[in-house]
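> Listed here are the chains, written in short residue letters.
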Amino acid sequence: MFRYLMLAGLALFLPGLCALGYSLYEGPSAWMLDSRTFWGTPISLFVFWVGLAHAGTLLSAVFLALDIKLDRRTALIAELSTLASLVFAGIFPLMHLGYLQNFYMVAPFLDARGNFANVSSPLVWDFCCIAVYAILSLLFFVMHLKARVNPALDKYRKPMAWLLFPLVLWVHTVVSLDFATTFVPEWRGAFFPVYFIAGAIFSGIALVNLLLCTEGYRVRLLERLQLICSWILCAIWFWDFLLKGTFFASAFIFAGVLPQLRLVSVFRENRWGRAALSVSVLFGLFLERFYLVSPEYGTSSSFGWIDLGLVAFSVGGFMLLFFGVRRLLNRYAENAGAYFGEVDGSDMAKVEEAEDAERVAASGLGVEKSKKGFYIQPWSSEEYRILRFPLLVGIAVALIFVVWAWGQLPFVNVELSLANVLPLVYPVMALATVMTLLARIYFVEKSFVLHRREKILGVAILILAGACAGTFFAGGASETSGASVDVAAFGENTNVDLAQSALVWNARCATCHGRDGKFNEKFVREYYPVPPKLDLPRLDSLGTDSLVKVVLNGRVNMSAYANRLTPAEAYGLVNYMRSLAARDSGEGAR
Amino acid sequence: MIPLVNALACLIALGCASFLWKKGSSPYRNGAMLVGALLLFCVFTYFGGEMFDARLVDPTLEHYPFRMMALCLCLSTTSLTLYRRRYLVLAQALWFWVELFGGIALFYRGFDIAWMRILAILGMTFCSTFLSRISKEMEFCLMVFWIAVWVFF
Amino acid sequence: MGMDRREFIKSCSLVAVMGLLYGCRKLPLDEVARLGDGPTLKQFEDEVKLAVSQAKKQLDLVKVSRPGPLSIPGASPLNRFGMAIDLDLCDGCGECILACNKENNVPLVPEDDAARGRFMHWVDMRSGAPFMCAHCGKAPCERVCPTGAANHTPDGLSAMVYKRCAGSRFCGANCPVQARKFNFNDAQKLGLARKFNKEVPLRDKGVMEKCSLCLHRLQNDRLKFKTQLSVAVAAAGNVSVKNAAENATEWRGRGVTTACSDACKRRAIIFGNWLDEKSPLVQLTKDRVLYAPREIADLDPSVVFMRGRR
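Chains as they are written, first to last, in this note's numbering: chain A, 1 to 590; chain B, 1 to 153; chain C, 1 to 310.
Careful: at least some of the hints might be erroneous.
[Claimed, not checked] In silico DMTMM-like cross-links for lysine to aspartate or glutamate, where the CA-CA straight-line distance does not exceed 20 angstroms:
1. K244/A x D53/B
2. K56/C x D497/A
3. K102/C x E199/C
4. K455/A x E7/C
5. K138/C x D112/B
6. K10/C x E454/A
7. K205/C x E295/C
8. K205/C x D113/C
9. K63/C x E295/C
10. K57/C x E295/C
11. K49/C x E95/C
12. K23/B x D67/A
13. K138/C x D298/C
14. K455/A x D4/C
15. K138/C x E415/A
16. K224/C x D497/A
17. K244/A x E139/B
18. K226/C x D497/A
19. K244/A x E137/B
20. K138/C x E209/C
21. K224/C x E199/C
22. K244/A x E295/C
23. K205/C x E26/A
24. K163/C x D111/A
25. K57/C x E95/C
26. K57/C x E186/A
27. K189/C x D112/C
28. K226/C x D516/A
29. K189/C x D516/A
30. K102/C x D204/C
If you are wondering where the hints come from, they were derived from the structure by calculation, not from laboratory data. These figures come from a predicted structure and were not determined experimentally.
Starting from the given sequences, assemble the full structure and let the hints guide the process.
Structure below.
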């Protein structure tokens, strides 16, 4: 079964990959773009896949946090689908960029030149939230797998679930703010956070139901939730219609009307019928995102082959990835099937037992109930160690980050208020909290041992992350524009005297290098790394010719002045620079 | 929206809250009740906020039905029997959520954020995590507090 | 942490490969593909005519008050550059568009883009009048730019740092009047760009651009002013000359014009400094009624329209 689904995924994925390659080569003109908003298919697909990526965390974390029983197999499938969807949710915003090489500038990361992303942009929030969400979902999934082998880790799942619960909502809220904060008339709506989250939960549940159909069993709770979600979404669409008069008829039919067929037992009791209902929901919600992102669709733009290819890429890629990992887990994991539990629900009882045991072991928030009557010192209680202390660390880190980001303005002219930075708070907090938790697991839990292969993987990831951070920190070197000028032809016949050079220096060079040649630190620190001091030994070691070349052709952060200065003027400047340095060293000697 | 209609909205939310989470009701009934309440809030906002008149459209009403929904959920938690504190906190967090992110969306279009309201809800959410037993008096106090936040901030 | 030499070398080589890949981003082939002179002037003229004939977008104008000093932090209290377009004088000839294209090296677009009305022109024709970025004081595009490529200069220009642009097009989505243009094509490779003016760089594929209010002219004038000022100070060598030239110690951008304003035969486009009483902009708009497009009227635009006398 999984093999055929994988192959079907591959059949969709390969042509899709061609479409992706072509659109990366051709840039944004390759796919359907809205003529008014410049956004198109990749953004619709991004919103769609991010929505689907909520299924896992929602079902697993929220149900765990709220004590709603869900068997381990369903929870694991949901978590795996989250990870697979997130891969595609990550690809689409990147390919949407017109200038892909600059993507790292979106991260709120200070580079060597003191450049900083504009944290008031919802895209920056997006970037942070999704990155943090991806890391935490991966850790949650891995911990779930590990906890199967090492029960000591089970008590850490609940604190993580409580952290992921708001995070999953936060991520989609921020995605909705991409739209709600703009001036596009069709996107106005302060209710978009609720609207998007409702849509995301709906599509996520539909996806899990669809995947459960392939597994050959069903969870009635999720099917009921799917139906109820369709009602809620219809109510929100009604408000959207009242507010703006927009109504997506086809989305309404597929995601609002057809799911009601679950009330007919013929559809409900048939595996294909259930699959069809879920597919209809997913299709309807894709249409909805598509119409929403492209308000001008149909008037000046149309859906083409490349767009179909991109859809095929994501759908096929998801199937390939999900069922591939699913097969892998089935085949190679020790006592196959144990990871994914039994179909008949006997596994359910075990989970309940485990959770009871968990409560007795005083984990997470259950602590007060089980230890009622005993006085526990607040600083030494288990709950404090595994939840409150990491949370406090997280809050502290988030506060420090916000204060730091507030100070790091790329330019003084950007107005920043609390509302601009607030959406970054929770992701940073969650990340710091989970890192503290992990550190605790690593150092405190005696039973937790990493295999050699896992250690190597960890080190490799650390080195890779360090390399990426270093590259981003260095930033791109400024390239000289235009062909470089060869100075050898001019010789040293300077006809520009020092007085005139002084004027040119004051006008052109003094902003960075300072009137006295000692460079203007206040200005320079804000924009570039400080240029080297131009003292006499350094000037001598460089030589006049190469200095003139640097002035004309530029070097690293020094701009090229070939278009703005004549070579003679450049010679004059170098001479003047030398005279400044000589004066400086003379003063220094005295 | 005039203050009187705003206060009326509060009463409607209170009325709807009493129909939610009846003991032993099926998830379908609960879901239908929620959706029905939401539809009612939408229609109420549309007519109460005079949104049919294009000249008077007030963007701050965009998330009004959802704020009503959140208030309604908050009020309805007082009638729960199990896990009352947990759902109380969650419902208030939802209200906080709707207010905060709705406010941020509007802030980008040039409206001020109602910080007082948001802080009041946040403070109450935080404080109510410390409630151990919720007595009848405490229930009443909570409801009065929410209604006061709704009407005055 | 146990890590033997083999692993260490392995990870080191991994990093080295990464570095190499990063270094090879710029292909040497790019240089070869660059073409010579580019298209002829005639092609640019034809494209402007096509754009003028296709212009359909309407303008919904509302009255606005005179732009005052900017409230953003770091804004200069002396300069706020802007323009006023006299709708009573303008006959919609489109000369300004051509002049702007030549001044700012705006590239041509391929035919299918032109058929869709997707031109790169920084100046559009709307309702028979030139229309460009209004350099709003509360610019929504700058607020959503993730990298800070779109930013505000202290002199009131909404500027673009092309090298910092990641091409997310968020600014374009958030511009209520669609004044921003996106480089869908690599105009240099396709031979559609021509460098008329060496002071303005050609833009890469995938970055946003828009009217810069001829920023390079302002910058040149500022540099010239500073140089002359230092000449004057150097010549006298003491403070008394500073007093003599006191009204010229601060740069106000006097005498600078934009290319569109130069090209307008009927003098319908007036460029100047809203905060300088001596600027032609202030003097000529004194007794006029100012208008701005309804969508951006609340955003404090610097480029406005005027019609009728008060």
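> Could you run down the list of hints and mark each one as holding or not?
Structure-based check of all given hints:
About 12 angstroms separates the Cα atoms of K244/A and D53/B, which keeps this hinted pair within 20 angstroms; it holds. At most 20 angstroms may separate the alpha-carbon atoms for a hinted pair to count; K56/C and D497/A exceed this at roughly 58 angstroms. Annotation: proposed proximity of K102/C to E199/C holds, straight-line Cα distance about 11 angstroms (limit 20 angstroms). The straight-line distance between the Cα atoms of K455/A and E7/C is roughly 11 angstroms, inside the 20 angstroms bound, and the hint therefore holds.
Of the supplied pair hints, the one linking K138/C and D112/B holds, its CA atoms being roughly 15 angstroms apart against a limit of 20 angstroms. Proximity of K10/C to E454/A is assessed by CA-CA distance (about 15 angstroms); at most 20 angstroms being required, the pair is judged to hold. Restraint check for K205/C and E295/C: not satisfied, since their Cα atoms lie roughly 29 angstroms apart, outside the 20 angstroms limit. Under the criterion of a C-alpha separation no larger than 20 angstroms, the hint pairing K205/C with D113/C is consistent with the structure, at around 15 angstroms.
With a C-alpha separation of about 12 angstroms, the suggested pairing of K63/C with E295/C holds against the 20 angstroms cut-off. Proposed proximity of K57/C and E295/C is supported: the alpha carbons are some 14 angstroms apart, at most 20 angstroms. Distance restraint check for K49/C and E95/C: the Cα-Cα separation of roughly 9 angstroms lies within the 20 angstroms cut-off, and the hinted pair is therefore satisfied. Note on K23/B and D67/A: the hinted pairing holds, with a Cα-Cα distance of about 19 angstroms set against a maximum of 20 angstroms.
Taking the CA atoms of K138/C and D298/C, the gap is about 9 angstroms. The hint holds against a cut of 20 angstroms. Between K455/A and D4/C the alpha-carbon distance is near 12 angstroms, which keeps this suggested pair within the 20 angstroms criterion. Pair hint K138/C plus E415/A holds up; C-alpha atoms about 10 angstroms apart against a cutoff of 20 angstroms. Pair hint K224/C plus D497/A holds up; C-alpha atoms about 19 angstroms apart against a cutoff of 20 angstroms.
Between K244/A and E139/B the alpha-carbon distance is near 39 angstroms, which puts this suggested pair outside the 20 angstroms criterion. A hinted pair counts as satisfied when its Cα atoms are at most 20 angstroms apart, and K226/C with D497/A qualifies at roughly 19 angstroms. Distance restraint check for K244/A and E137/B: the Cα-Cα separation of roughly 43 angstroms exceeds the 20 angstroms cut-off, and the hinted pair is therefore not satisfied. Taking the CA atoms of K138/C and E209/C, the gap is near 18 angstroms; set against the 20 angstroms cutoff, the hint holds.
The hinted pair formed by K224/C and E199/C meets the criterion: a straight-line CA distance of about 15 angstroms does not exceed 20 angstroms. Annotation: proposed proximity of K244/A to E295/C holds, straight-line Cα distance about 17 angstroms (limit 20 angstroms). Restraint check: the Cα-Cα separation between K205/C and E26/A comes to about 10 angstroms, which is no more than 20 angstroms; the hinted pair holds. Taking the CA atoms of K163/C and D111/A, the gap is about 14 angstroms. The hint holds against a cut of 20 angstroms.
Between K57/C and E95/C the CA atoms are separated by roughly 19 angstroms; this keeps the pair inside 20 angstroms, and the hint holds. Taking the CA atoms of K57/C and E186/A, the gap is about 19 angstroms. The hint holds against a cut of 20 angstroms. Taken as a hint, the K189/C and D112/C pair is honoured in the structure, with Cα atoms around 17 angstroms apart against an allowance of 20 angstroms. The straight-line distance between the Cα atoms of K226/C and D516/A is roughly 16 angstroms, inside the 20 angstroms bound, and the hint therefore holds.
Straight-line distance between C-alpha atoms of K189/C and D516/A comes to about 44 angstroms, which puts the hinted pair past the 20 angstroms bound. Under the criterion of a C-alpha separation no larger than 20 angstroms, the hint pairing K102/C with D204/C is consistent with the structure, at around 17 angstroms.
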